[in-house]
Structure formats: structure tokens, C-alpha cells
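2 protein chains.
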Amino acid sequence: MGWGDLGAFGEPSKETPNLDQMAAQGMLFLDFYTANPLCSPSRAALLTGRLPVRNGFYTTNGHARNAYTPQDIVGGIPDSELLLPELLKKAGYTNKIIGKWHLGHQPQFHPLRHGFDEWFGSPNCHFGPYNNRERPNIPVYRDWEMVGRYYEDFKIDLKTGEANLTQLYLQEALDFISKQQASQQPFFLYWAIDATHAPVYASKQFLGTSQRGLYGDAVREIDDSVGRILRHLQQLGISEDTFVFFTSDNGAALISAPKQGGSNGPFLCGKQTTFEGGMREPAIAWWPGHIPAGGVSHQLGSVMDLFSTSLSLAGLQPPSDRQIDGIDLLPVILQGQLIDRPIFYYRGDELMAVRAGLYKAHYWTWSNSWEEHSKGIDFCPGQSVAGVTTHTQEEHTHLPLLFHLGRDPGEKYPLSFASEEYQQAMERISGLVQQHKDTLVPGQPQLNVCDQAVMNWSPPGCEKLGKCLKAPESDPKKCSWPH
Amino acid sequence: MGWGDLGAFGEPSKETPNLDQMAAQGMLFLDFYTANPLCSPSRAALLTGRLPVRNGFYTTNGHARNAYTPQDIVGGIPDSELLLPELLKKAGYTNKIIGKWHLGHQPQFHPLRHGFDEWFGSPNCHFGPYNNRERPNIPVYRDWEMVGRYYEDFKIDLKTGEANLTQLYLQEALDFISKQQASQQPFFLYWAIDATHAPVYASKQFLGTSQRGLYGDAVREIDDSVGRILRHLQQLGISEDTFVFFTSDNGAALISAPKQGGSNGPFLCGKQTTFEGGMREPAIAWWPGHIPAGGVSHQLGSVMDLFSTSLSLAGLQPPSDRQIDGIDLLPVILQGQLIDRPIFYYRGDELMAVRAGLYKAHYWTWSNSWEEHSKGIDFCPGQSVAGVTTHTQEEHTHLPLLFHLGRDPGEKYPLSFASEEYQQAMERISGLVQQHKDTLVPGQPQLNVCDQAVMNWSPPGCEKLGKCLKAPESDPKKCSWPH
Numbered sequence: 001m002g003w004g005d006l007g008a009f010g011e012p013s014k015e016t017p018n019l020d021q022m023a024a025q026g027m028l029f030l031d032f033y034t035a036n037p038l039c040s041p042s043r044a045a046l047l048t049g050r051l052p053v054r055n056g057f058y059t060t061n062g063h064a065r066n067a068y069t070p071q072d073i074v075g076g077i078p079d080s081e082l083l084l085p086e087l088l089k090k091a092g093y094t095n096k097i098i099g100k101w102h103l104g105h106q107p108q109f110h111p112l113r114h115g116f117d118e119w120f121g122s123p124n125c126h127f128g129p130y131n132n133r134e135r136p137n138i139p140v141y142r143d144w145e146m147v148g149r150y151y152e153d154f155k156i157d158l159k160t161g162e163a164n165l166t167q168l169y170l171q172e173a174l175d176f177i178s179k180q181q182a183s184q185q186p187f188f189l190y191w192a193i194d195a196t197h198a199p200v201y202a203s204k205q206f207l208g209t210s211q212r213g214l215y216g217d218a219v220r221e222i223d224d225s226v227g228r229i230l231r232h233l234q235q236l237g238i239s240e241d242t243f244v245f246f247t248s249d250n251g252a253a254l255i256s257a258p259k260q261g262g263s264n265g266p267f268l269c270g271k272q273t274t275f276e277g278g279m280r281e282p283a284i285a286w287w288p289g290h291i292p293a294g295g296v297s298h299q300l301g302s303v304m305d306l307f308s309t310s311l312s313l314a315g316l317q318p319p320s321d322r323q324i325d326g327i328d329l330l331p332v333i334l335q336g337q338l339i340d341r342p343i344f345y346y347r348g349d350e351l352m353a354v355r356a357g358l359y360k361a362h363y364w365t366w367s368n369s370w371e372e373h374s375k376g377i378d379f380c381p382g383q384s385v386a387g388v389t390t391h392t393q394e395e396h397t398h399l400p401l402l403f404h405l406g407r408d409p410g411e412k413y414p415l416s417f418a419s420e421e422y423q424q425a426m427e428r429i430s431g432l433v434q435q436h437k438d439t440l441v442p443g444q445p446q447l448n449v450c451d452q453a454v455m456n457w458s459p460p461g462c463e464k465l466g467k468c469l470k471a472p473e474s475d476p477k478k479c480s481w482p483h
Numbered sequence: 001m002g003w004g005d006l007g008a009f010g011e012p013s014k015e016t017p018n019l020d021q022m023a024a025q026g027m028l029f030l031d032f033y034t035a036n037p038l039c040s041p042s043r044a045a046l047l048t049g050r051l052p053v054r055n056g057f058y059t060t061n062g063h064a065r066n067a068y069t070p071q072d073i074v075g076g077i078p079d080s081e082l083l084l085p086e087l088l089k090k091a092g093y094t095n096k097i098i099g100k101w102h103l104g105h106q107p108q109f110h111p112l113r114h115g116f117d118e119w120f121g122s123p124n125c126h127f128g129p130y131n132n133r134e135r136p137n138i139p140v141y142r143d144w145e146m147v148g149r150y151y152e153d154f155k156i157d158l159k160t161g162e163a164n165l166t167q168l169y170l171q172e173a174l175d176f177i178s179k180q181q182a183s184q185q186p187f188f189l190y191w192a193i194d195a196t197h198a199p200v201y202a203s204k205q206f207l208g209t210s211q212r213g214l215y216g217d218a219v220r221e222i223d224d225s226v227g228r229i230l231r232h233l234q235q236l237g238i239s240e241d242t243f244v245f246f247t248s249d250n251g252a253a254l255i256s257a258p259k260q261g262g263s264n265g266p267f268l269c270g271k272q273t274t275f276e277g278g279m280r281e282p283a284i285a286w287w288p289g290h291i292p293a294g295g296v297s298h299q300l301g302s303v304m305d306l307f308s309t310s311l312s313l314a315g316l317q318p319p320s321d322r323q324i325d326g327i328d329l330l331p332v333i334l335q336g337q338l339i340d341r342p343i344f345y346y347r348g349d350e351l352m353a354v355r356a357g358l359y360k361a362h363y364w365t366w367s368n369s370w371e372e373h374s375k376g377i378d379f380c381p382g383q384s385v386a387g388v389t390t391h392t393q394e395e396h397t398h399l400p401l402l403f404h405l406g407r408d409p410g411e412k413y414p415l416s417f418a419s420e421e422y423q424q425a426m427e428r429i430s431g432l433v434q435q436h437k438d439t440l441v442p443g444q445p446q447l448n449v450c451d452q453a454v455m456n457w458s459p460p461g462c463e464k465l466g467k468c469l470k471a472p473e474s475d476p477k478k479c480s481w482p483h
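Protein chains in written order, with the UniProt record's numbering: chain A, 1 to 483; chain B, 1 to 483.
Some clues are possibly wrong.
One copy or any two copies: either way a pair holds, since identical chains are not told apart in the list.
[Unchecked claim] With a straight-line Cα cutoff of 25 angstroms, these simulated SDA-like cross-link-like pairs (lysine to any residue) come out:
1) K412 with P381
2) K155 with Q337
3) K412 with T209
4) K375 with F176
5) K375 with S416
6) K259 with F417
Hints in this document: simulated from the structure, not taken from any laboratory.
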């Protein structure tokens, strides 16, 4: 989902009354970022509070490449990483993930081995259908074991776009919340739905209800579901005890637009890029009785802050034996403070850009290669800024491209290198980059090796369902990351 | 000002609390259009309720050219046109225009000859400073006579961007409203401020206060002024008797961005074009006690509707001896109805595009010429949609380019000519176009002839100020309209 997909963020069909109301009752973040322009690394960053380059969710197979966890990926979340639910356990929290995990699907990466108590959802994206010979369909797990596969037991009709998955995930969330309320136990729910990820889907009752087509139907179903969850908290009388945050793991995938991809509003390009359209996200904090209604914040925020903020809410300290990139946003949310901190935009292990205040410096620019572009793969459809949306990897490390995101949110007008404004802003940013690089200890890259043998042939529990498949022989290879 | 310039419409710095509150208390129009991608024709359309091609505010000097009223224009609003204030007079209204008139500056076009009772402002844009030999500075009028000139008596500091004009125009508005309230006389105030038109300006107290630079400062001053006007109405106890509408006369001038031009949000291109960025406008209706708070409308609306709606509010009928393009929006505003009507996008006397429902068909496309583009004149900076943002005038009358603005508000993905959806939508639109063309009686074009002798050399009242200048000899020529 992109920054521009909600009515509160200017989507012209304004079809998200529940999320808009959530913002009106809570705090809208206008300058909130994900940690990577792609799903897996962002989700790993959210749960560890650390940049993908630290927690291992990156590749070194090529320079500045995006990588994620398809089902032939060998790597996943290292045991050495401390995940938010692992830490929350110490404060008595019950932790549940509903939806897409995406931090590795081999047994050692299972979410219940990394702090979650319950899981209903899938380890990978809902791509498919596959033929179960070359490639198995993605399993859906309940806790430790699979309970079926997408397209087989959990239908997704690619022709009509119909699938009731969001309703299943919603019911699962409502039930979990009810159970926790009944037992008076604190909980952490990571509601990681994926209806707006291609192939986009919506339940029958939402199909055809949006001005925006199938993608809009999916947004409407998510919006409706969020509204139901919030009302459920209110009806159970625990809304004032429950902190809720809504955001997305990357910008709208413009490559899939208009049918399967959303809107990044006035921002440049989309998913896969380190332009604003790829990493600036809709974000709303909600906590009635604590967050003043109708708040708007320009705090530079990150999904990694949800790690530190959640720990703070639980009265816990973040780990002190490692670098944590997230910050505690409670002073921002509750007292309206502004904390000065930079945002780092990575592609692989390359620092592509940095934002400090309203300035953003690009050290490298790349949309995608000419080779891919000539095949119709375009992360910036209809947009072309000379020298900025480059189709070769362009290095600007000696003279970064600098934008003022207040005057130029669309990153279309680089500041003159000769201007005093450029000199002053770059002096500050150069210091931040130096400090960042000096202290950076990259993690072991997890997204380098792919092997057809590790695919979801025989997930735990498959034998009970008669759904075990025979894995081919192991044949580890470098994963191919073309962009 | 562009669709994307207000917080309520998704501007990422969200610096328009007063206009956003106006929307929250009233009705937000998300699909509201001006009648032309340029100022003068739009304003003529607003005041006559008629398309520029009918009321004469167009040129035939070239095909599909934008034209306006610079100070060497010979034409202006014809006597045969009936303006909103002329009609409102019959219902006892006192009518005032504050700010830019732009419907011709020769004596016969004076606003007080066309229904207004009072005027404080200028006949043309505040371009300058001029040297008073080749070209006089633009006069500022109070009612029938000039009271000074821009840059001379009404300062605009082009270096700092400082000018207190919006404050003058604000005070004038507050005083007029107070006077009308005191005399218990109904009034029509046309508050036609122009701070966001290049050269952009703001008062000292607003300079440097926006994240968006000088343009944002100007927007903030307008926002603050609107807030003051609305509070003034409330304090005088006449807010429930006063209908207020906020909108703009064309999209943000991206050619002047980022310093002097604003944002069209997710829409394509800007001022001067018939893409959405050129003609879709922010629009808010406010009338406490009558309009339900927080309303959002997808009614296809037009500035021309303000003509018909205002007449309706005053209990008057629109003239029956001519075609009126505006419709009465009161059923939309008060009862939430949706009225099916098309939107016509003109450049000169060429019908460039038509919107019906969510479909928009382009019969002609043109951003601007290669010749101009090569000189750096760009109405679509950073945007380039193959076959759509064309630099030659491209005719599509036999097979119009069709967009679905719900799925594709940015006009980036034309529908396939072969699709059933295309056939069905075009069948309907073709009928509307045929009907429109069959009944169209173009007015006498007013914007064809320019003459240096008609410039503001000696406006009425100049003798009292010692500010009369000697006009050169008459030398009428075809005006040059390059785009």
C-alpha cells in the first residue's frame, strides 16, 4: 500500500472512512518510512528494530539489489536477532501473527521459534497457483503446522479477484482479541494482511464496490476490517489499554498499477525504489484517552520505531548489546515532541539516500535497468526526472543529489550544487552518514542463496493432510536479484 | 492553486488548518473542475455560468491555444453577457469584487459596469515591475478609479517575496462584510485573491513559515485569511445566512514549481493543460446549519455551477435566453444528490477532452510545443506518459484516448481500444459530445487582438494621482498565443 492510498492522505476517491476516522481520533504521521522498498526486509526491520543491513535481510549478490524471501530462499531471520515478541514475552505478553510472516520458511525460522505464541497465515507471498511439481503452492499455517495451501484449500480466484482471506484474517484477529480480553492477558497482535499485494484480492461483498477497481476493493476491505477491529476493542472496553498502529511495508507497486497497484500520492516512483514513493508510508497511531484526537506529526518515523515504541509501552528496555535503529515515539505521540533523527534509504547493502529534516540526499540513483525497462518493467510509470530516475546505477557519492522535500516532495528539482543551501545541508548530512558508516556492522547476508529443495514441499503437518510433496535434490545457487 | 495544495487534499506538509476545518464543517468536492486551464476564461465562466467558448473568452489565432487578458488585450467581457452580480442585483444584493478582475481592462469592461457595486483590486495579473515607458505597471482600483499601481504604491518585493496585498484584501473583505451585516443587506463577495500566482508573495508575518517555501507561505496566508473571514461571519452571527465556496481558477502552475508553483497531487501535468492537473481543483462548500458537517461529494462540479447555485440561493432563475453550462448544486450540497453531467475540457475553441462518470476521453492531446519545450517551458515537469503528454497537437477524434479516473487518476494507462469497456464508455461519451457540438453557438472571440495603446497608461483617476502616462499610437495586432 502506498502513502496516497487513504482518503486522509489525499486519495481522490476517498474510500477509507474507517482509517480516516482512526486518524481523526488519533495521530496522522505524514513523514513515516518503511526500512526498505521491499517487503521481507521491512518486516524483519519492524520486528528487530534494526536496518536490514544489520539484521541480515539483504543480498550481496549484486550491487544495490532488492531481495526478499521467495520460497526457494535458503536464509531467514537469524537466531541471533532478538524479535519484538521475544522481548514482549518477558513482560507477560501473548504474541500472535496473522498473515504473512516473510522472515524465512525453513523450520529454524518459524515464527513460533522467534517469540510468537500463535500464527495463522503463510510464510511467503500468495503468488501462484503453482503446479506442485516445479513449485508447490504456498502453505497456510495454524501455529506449528500447515492447514492447507493457497489456491487449493484457501481459494484465490485470479480471474475475478475473489478470495475471503482478509475475512479469515479479520475473524482470527477478533477472536484472539476476545480471548485475550477474557483472560485479562496483555497481547501483541501483528496483523500482517496482504490483500493489496499482487495478485490483489477481495471478498465477494467488496468486489466491485470501489471506484478504483480491484485494488480499491482490497483497500476498502482492509479499511472495513480495521474499523471492525477498533470497534471490537471499544466494545470490549480495552481501547484505552490498546495501542494500535497502521502502516505499510513498502510504497505502492506501480509496476502493477492500475489494476493491482495503488497510489503514492505526489511522490516519485514506487515499490523497489528509494525515492519517496518507494518508502514513505501511510501511518496512523490510535490510542483513545492517551493520544489527543486529530493530531498530525511531521516526526521522521520508521517502522523500526514500532519495535522501540512497543517495548516502551510494555515497560521494557531495548537490547543494549546491539545497535537499534528504531526510536521510542511515545514522546512524539503523547507530548507532541519532535526528535531529530535521520532516515536511511538502502537498496541491498548500499546506502542510496539519506533524509535529515526536510533535506534528502541521494548518493546513488537507480530505478531499474534498461534491460528490464525494455521488457516493460517500470517502477516509475509516467514519471521521468532527468538524472534522477536513472536506468543505470548512478553514483553521486562525491556530489549527492539534494532535494528539499517541503518545496519539492516529488523529488523533481535537485538543488544547485553551488548554492549555500546545498553546502549547509550537505555538511550536516555528510556528518550523519560518516557517523552511520563508522558504526555500521553489517549482518551476515541471508538473501544470497536459493535452493529448489527448500521450497514448501513438506511443511510440518503435511502428512496429516496428505499434502506432503517430494522435494527435488538440493541445488543451491546464487539467487538472481535483477533490480 | 492546485488540487493537491491543501492538507485536506493530501498535501504532505498539511499546513492549511483553516481550509481543512472549513471542509470538516462543510462539504469537500473531490471532482470539481474549473472551466479552463487558465485564469481569465475560468473567471469569465464563473461569473457567466457559461463555457469560455460561449462567452467569448477564447482565441482563434491558432488551434487549441490558451489565451487570457494581458494588459495589451483589446477584448473583454461582452455587454451581451449577463454576469452573476448583474442578476443578483435584482434580488437586492450588494456585490463586491476584491482582487483580480481579469475580464478586460478597457472602460467598457469595468466590473462596475457589469454588476459589481464595489471593487478593490486590479484588472490584470500583478506581473512587473514594468518601466512605465514600454509598459505601465498594473493599476489598483478602488471602485471606478485607480488608487495606485503595483510595485509603485502597492509594493511587491520580488527578492524577498514580501507583499501585504493579501492582508489588504482580507481587511477589505472583513470591512465589507461588517458593513453589509450592519445594514442588514444581502451581499455577494467575490474574493479573488492572487497570492499563489507568480510572482508569488506573502506578508512579512507569513514569510518563511511554511515547509514549502514562498509558495507555501502564500498558501498559509490565504488559509489564515479564509479562517478569519469564516470566523468573522460567525462572530457577526450571519454564518448560517452566508454560503461560502472556496476553489481555484486553474491547476497549479508546474512551470513555476517548486518555488512559485504548487501541487496537483496525484494528477497529470498542471495549468495550461487539459489533463486533470490543469483543471481539477480543490473545492469546499461551507454553510453552517445547512450543509451537514464532514460531507464528501463525488459530484462532477464546475466553477460555472457557482453561477447557477448562487442564483438559486438568491431565489433567482438563470437566464432562459442562452445556454447556461452551470448547474444548481444545492440538491447535491443539501441533500447529497448526484447529478449526472459531463465535464468539457477546452483549449481555445477546441474540445480537448470530456469526462462522463469516471471516464475521461481525450479527443486532442498537447502539453506544449517542442519549440517551447526546448526552451525549458514545461507544463508536466518530471512527468511523461507516452502518447499522452504529447509535444505536438495529436488528434484522437476518431479513436479517443480513454482513461478510467477511478483506477487511474493520473491518466497514465489508456484503456484498450478493443475492450468492451472502451466501446461502452465511448458510446455514451460520443453521444454527449455530439449533443454538445450540435447546440454550441460560439461567442465572438475576445482574445484575438492585442494593442499596446490599450495598456493601463491612463486609467480613470490617474490625473488625481499624477500617474497618467502617455499611450503610444494604436497598433492592433493578432495576439501571440504559443500554447
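**Asked** Using 25 angstroms as the alpha-carbon threshold, which applies to K375 and S416: within, between, both, or neither?
**Response** Between copies only: 19 angstroms across, 34 angstroms inside.
**Prompt:** Is it within a copy, between copies, both, or neither that the alpha carbon of K155 lies no farther than 25 angstroms from that of Q337?
**Reply:** Intra 46 angstroms, inter 39 angstroms, cutoff 25 angstroms: neither.
**Prompt:** Between the shortest in-copy and the shortest cross-copy C-alpha distance, which are at most 25 angstroms for K259 and F417: within, between, both, or neither?
**Reply:** between (40 angstroms within a copy, 17 angstroms between copies)
**Message:** Treating 25 angstroms as the Cα threshold, decide for K412 and T209: within, between, both or neither.
**Reply:** Intra 35 angstroms, inter 22 angstroms, cutoff 25 angstroms: inter-copy only.
**Message:** With identical chains, the pair K375 and F176 could be close in the same copy or across copies; at 25 angstroms between alpha carbons, which is it: within, between, both, or neither?
**Reply:** Classified as neither; 45 angstroms inside a copy, 63 angstroms across copies.
**Request:** Up to 25 angstroms between alpha-carbons, please classify K412 paired with P381: within, between, both or neither.
**Result:** Both ways: K412 and P381 sit 15 angstroms apart in one copy and 7 angstroms across, limit 25 angstroms.
Checked against the numbered hints above, the structure violates hints 2, 4; every other hint is satisfied.
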